[in-house]
Amino acid sequence: MGDVRRLWIEGPTGRLEAALRSAAAPCATAVIAHPHPLYGGTLHNPVVFHADRELNRAGLITLRFNFRGVGESDGFHDEGRGEIADVAACAAWIRGLTPELPLVLVGYSFGSRCSILHALEDRRVAAVVAVGLPLRVLDLSAVAALDRPLGVVQGSRDAFGSPDEVRALAPRADVRVLDGAEHLFPGRAPDAGRAVAEVTRDLLSRLA
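Per the numbering used here, residue 102 is the first one in the sequence shown, and the count goes up by one each step.
I should point out that these hints are in silico values taken from the structure, not numbers from a laboratory. Ideal placement from N, C-alpha and C gives every residue a C-beta, glycine not left out. One thing to keep in mind: the hints can contain errors.
Quick list of the computed label-pair ranges, beta carbon to beta carbon [unchecked claim]:
#1 223 x 158: 24 to 30 Å
#2 108 x 273: 33 to 39 Å
#3 109 x 223: 17 to 23 Å
#4 308 x 268: 18 to 24 Å
#5 178 x 199: 27 to 33 Å
#6 260 x 111: 35 to 41 Å
#7 178 x 248: 26 to 32 Å
Take the sequences, apply the hints, and build the full model.
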């Protein structure tokens with residue numbers, strides 16, 4: 102597994118704090134977006150951390166970052182508008198590092214919405230993985246328009262969206278259900294991370 106290197110990426114409102122894991126023979130790259138900044142979401146979130154680690158173990162170069170106004174990132178929270186541009190900046194940065202590799206966007210809750218909305222604007226995104234889609238609190242109707250492979254990791258007891266609601270919204274998605282898990286995955290972050298890596302491997306296999 103690659104060591105974590107702290108770095109800063111130039112974003113739309115200044116620098117974005119980020120953490121990069123390299124891979125010796127990478128098969129793809131991943132940008133990982135954290136949950137809602139106003140409710141404690143950061144790049145150090147346990148689900149984000151474990152997803153990052155498991156994806157790297159699976160052979161991906163990974164980049165997790167803090168949205169504007171979080172941690173040492175410049176700027177201020179923008180209600181999910183400017184944060185889409187933050188995802189875009191990180192996607193462009195890692196694409197510049199390895200332009201020949203497929204790019205997967207991974208987002209958790211609020212981060213999933215930002216990742217999906219960026220993917221709709223960026224045809225170079227190969228696939229998207231959403232963790233804890235918050236269907237009952239955020240407008241995620243745009244998911245239906247996504248024409249790239251989509252994986253979803255959802256807890257069976259997620260109060261913000263049930264697996265059945267996810268399947269109804271995105272019938273083509275590869276939905277992985279963690280039985281008994283809630284939206285914050287208390288005590289289940291390692292399981293969520295492994296599920297993210299598993300569904301990512303399956304999505305990438307479709308691109309081969």
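Quiz item: Out of the numbered hints, which ones does the structure contradict?
Solution: Result: no hint breaks.
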